[in-house]
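J.: Protein chains in written order, with the working numbering: chain A, 1 to 320; chain B, 1 to 320; chain C, 1 to 320; chain D, 1 to 320.
Think of the hints as simulated: they come from the structure by calculation, not from any bench.
It cannot be assumed that every hint is accurate.
Identical copies carry no separate label here, and so any pair may be met within one copy or between two of them.
Listed next, the in silico DMTMM-like pairs over lysine to aspartate or glutamate satisfying Cα-Cα at most 25 Å (straight line) [claimed, not checked]:
no.	residue 1	residue 2
1	Lys-304	Glu-208
2	Lys-313	Glu-136
3	Lys-237	Glu-75
4	Lys-79	Glu-208
5	Lys-298	Glu-238
Number of protein chains: 4
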Amino acid sequence: MKTIGVVTSGGDAPGMNAAIRAIARVAYSKNLHVLGFEKGWEGLLTNTVTRLTPRNVGGIIQSGGTILRTSRCPEFKEKKGIRKAAETLDSNKVHGLIVIGGDGSFRGALELSRETDALIIGIPATIDNDVFGTEETIGFDTAVNTAVAEIDKIRDTAISLERIFIVEVMGRTRGFLAATIGLTVGAEVILVPEAKHEIKEIFQIIKENIAKGKRSGIIVAAEGIGDTRELAREIEKEIRREVRLSIIGYAQRGGSPTARSRLLASLFADKAVQLLLEEKGSRIVGLQNGRVADIELKKSCTTKKPLDLSLLKLAKVLAT
Amino acid sequence: MKTIGVVTSGGDAPGMNAAIRAIARVAYSKNLHVLGFEKGWEGLLTNTVTRLTPRNVGGIIQSGGTILRTSRCPEFKEKKGIRKAAETLDSNKVHGLIVIGGDGSFRGALELSRETDALIIGIPATIDNDVFGTEETIGFDTAVNTAVAEIDKIRDTAISLERIFIVEVMGRTRGFLAATIGLTVGAEVILVPEAKHEIKEIFQIIKENIAKGKRSGIIVAAEGIGDTRELAREIEKEIRREVRLSIIGYAQRGGSPTARSRLLASLFADKAVQLLLEEKGSRIVGLQNGRVADIELKKSCTTKKPLDLSLLKLAKVLAT
Amino acid sequence: MKTIGVVTSGGDAPGMNAAIRAIARVAYSKNLHVLGFEKGWEGLLTNTVTRLTPRNVGGIIQSGGTILRTSRCPEFKEKKGIRKAAETLDSNKVHGLIVIGGDGSFRGALELSRETDALIIGIPATIDNDVFGTEETIGFDTAVNTAVAEIDKIRDTAISLERIFIVEVMGRTRGFLAATIGLTVGAEVILVPEAKHEIKEIFQIIKENIAKGKRSGIIVAAEGIGDTRELAREIEKEIRREVRLSIIGYAQRGGSPTARSRLLASLFADKAVQLLLEEKGSRIVGLQNGRVADIELKKSCTTKKPLDLSLLKLAKVLAT
Amino acid sequence: MKTIGVVTSGGDAPGMNAAIRAIARVAYSKNLHVLGFEKGWEGLLTNTVTRLTPRNVGGIIQSGGTILRTSRCPEFKEKKGIRKAAETLDSNKVHGLIVIGGDGSFRGALELSRETDALIIGIPATIDNDVFGTEETIGFDTAVNTAVAEIDKIRDTAISLERIFIVEVMGRTRGFLAATIGLTVGAEVILVPEAKHEIKEIFQIIKENIAKGKRSGIIVAAEGIGDTRELAREIEKEIRREVRLSIIGYAQRGGSPTARSRLLASLFADKAVQLLLEEKGSRIVGLQNGRVADIELKKSCTTKKPLDLSLLKLAKVLAT
């Protein structure tokens, strides 16, 4: 009977537990042993490992976070760390390792794949949705809905006080979250790192909206677009109305996964185990053309996933 | 300037309002007038109509139900009714009509298209997800999440009391809801109208689970599979434990749409208006291979959308 | 160092875990040992017991159900069972026992108090709120909010389709849930077991509402008022409109407790341990005049808690 | 037939709409006319007024914000403004005015009561709960639950990454929100403006918790306690672990009111109209000893509501 390993790495994302559960149970049905490495790459360096069985992954499909925990692991960025991890895989007779995480984790996985014979498969799980090779990552849908529910509440106050709100959502370098959240809350302005924003254009949109009789304004901004506090001040100065800033923080990372995040987690996990059974490695699973598929790990790591900017255009028309 | 009409028909679905808002605003940006017919087909028979403008569709993106209201309309099933509706379109100079609804509504739309010169476009919105030509309908994701949130709560009691629960979800003829809900709550058994269920097999799964030490059991059943009350009694008799029945009712139809239902509503609405601008009619918009596309209305009405039964197999493995 | 015991009994209620956690931690701060008896009274008959420590009650404040599990236990209704339980308390050197449950559990506790020297304190936890001696039980606020959130969703459909809905909520003998839920969802009619309902009066209210131009109607009915299915049929026959029935089921028992249910659980648990430290027994804690207090267990068991019927009168005015 | 006025003032709070609805309908049942002044005190200065009827307050019981809107109104702080408002009441023949708001609004109401013959009644509605004369204000329970739900999500990440989080909640001068939220999320440290906090004590608690094996730490801080960003830095420096800051912002003000906020709104509104019918003025309604009561407006304005610091002691024991 063969052994496979699982590790969750980088920031946590809702649905990681659903993926762990699915891996353990699909693997069990195929007569595989499953080892969970704890605290991200750190567990591969320290050989901190726990056996995953169908029973001990029970009752976690609906819970946020990751029972394997995770961490940022600077040692893993050096050759020495990578080799230590490869040795751990070897000493545990791990035939294949499933890495659940985002693009940073996948770059680590790529490095590791060069030092080990173990097959490595990536499952994209990050609220940022910034992994090339999948139309959607595990956790993205949950993070979007968490932010949307909050902004729906903020809209109540915005309307009651006839005020402009800037809502900063997660996304240090990418605007997937901001674009989808902005469109689905009906934001008047959406600011993403992928597009240039002229401050004058923002002023103009706000002034036009006031002229049209719109009683509130929501600006959804990715954290990576710059200093939102400063932006609030500039708008206040220009339009002579109070502008409020609200930062939707870490709550976006947690919480019970939505059905969609659970479904993706289950489908991706199933596919990942299948790939290992077919002796395939150095690949990631993902959603392509609405279907579960897989691509090369290296390609995923070296290609930037494009943001569909036409969403922003549509959002603008919809917030007329 | 041309005029287009909108009607919501059949059962309501969360996201219908987001679609109405998007149609009104996209149309406005293209210099089209928009008329909303009220109470479903009834509004076309009685010429009950209201003008939709960017301002009066404000603040509805997040609300359940439909501001145009809907109804079941038996008169519309007869030739006379259809002709009356065609006259109403004519007298209002409606160039194109967008019908937001499910497969029943689309069959009505197909009949109507034979009696009128107005172009007719369907936007699939039904919690049942049973429309051919789209991988997902507006409202489906919301209904799934509503049921999942409820069953997560029921699981608390099931575990605390170590009990079997049958949870009946909507779906008179189709099992899309039951399959997705069942998989994402980790149901031990999923019963859909599309598959035969041997009672002995159900007994066996439950007994195996008890033997494995599982402390609770959730059976998700589509309403169309037969008498769930009787099923509860049979299981109780066989396994000599209390079996509880919970029916997740109309709450599945309502509530604030999820981000995904709002997104689909916005994208479908945009596409529907584009089709009318291209002078295309007798088509429905939908999600195909993960992208917004369109197919013939007639094809949608006359083809049964298949349920992916492999989901049920996976669900079974995952609930091991 | 003294030992105290804890048991959760009867139906589960959200907040039971918060109470268990609070008991364990307050007791620990007072140098007491805590034993948890599992599966309700059954654990006292079979001596199934687990030690509760500040660490192993971590992370449960927000979870529904009860980690000690619960059960209905027919043997405990007989003298022999009660004596067995008393022996278990004795053999475990339990100085005081805290019983978390509803009025049925408290009647059991009263019987047990007659056969043991252990001090017995009750903490009222039941979604039904039907315990004399407390203005509110742990779990009630959560169950009310769960039902309210569901009925808010049903209202969307009721308005869109202009329909009457009967919503059956829990409450076999008492109407606390129905009254509070009904008032806070703006129900047009509220039916509780404590009041007589003339069917003609219901017809009249509905007809008046239709005449006033109200587009929907919600009737909230406690399950104990009789056959709601039959009621739906009668109303349908009289007013010649479709009437829908929705039963809000077991989801009301589960789910993450509201802040208020967690707060009551914490305050009640603290008080219960204090009473034991003062060597007081045969009492229950509760909320009286908005403050944490305690009364005799016997008095609680033998007195019927009155339902404030003026709430129903107000609700009627508010749904004008 | 007499006329009464209603105004919502200051920050909005969930349940204000439920109160407006209840005032309009109770008043209607007593043959009173109801006028709603828009945008807070501004509406009294500009005579911007709308008639409230049982029909036009329909469908708002569950919505956040206030349909009458609100504003900060600097002119109302001067004698001239107050007199203008008194004239508006006179010219509209307003016999009694119900002011829905917090302590700032009540101070304005007190000033106004000295310049008008109209009877003035205050209904406490503010998420801050800082009004003397009531144990709870409309909106407080909702804001607490909103924050608790968010922090429950943050806890997932805190545990997965074994990290300390500071969560800043609303409360510029008072700690009611922070205390209740902190206790009900199981925060390890709670910081309120009413108590002195020694930084060394905070260090010690965190270090003890790490020593005990606690995998995460939540510090709930009222915004009024000082610079939370600086606090995060100091703790990071001392314990040499990453400390994250999350600010729960304006979402706390909005959203659908909880059942409890709706219930208080309904009861307070009913009482306020009764007081006017009894020709009583210059009073506020409130919850005292768990029951609806009333006290002098002046007393409410001039007395500081005490925060029960024993809650913080209990919270500390409970987070052992």
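J.: Determine for every hint whether it applies to the structure shown.
T.: Consistency of the hints with the structure:
In this homomeric assembly, Lys-304 and Glu-208 never come within 25 Å of each other (Cα to Cα): the closest approach is 36 Å inside a single copy and 45 Å across copies. In this assembly of identical chains, Lys-313 and Glu-136 lie within 25 Å of each other by CA distance both inside one copy and across copies; the values are 21 Å within and 23 Å between. Within a single copy, Lys-237 and Glu-75 get their C-alpha atoms only as close as 47 Å, which misses the 25 Å cut-off; across copies the closest is 21 Å, which meets it. Proximity of Lys-79 to Glu-208 under the C-alpha cut-off of 25 Å is found in neither arrangement, the shortest distances being 56 Å within a copy and 36 Å between copies.
In this assembly of identical chains, Lys-298 and Glu-238 lie within 25 Å of each other by CA distance neither inside one copy nor across copies; the values are 48 Å within and 41 Å between.
Comparing the model with each numbered hint stated earlier shows that hints 1, 4 and 5 do not hold.
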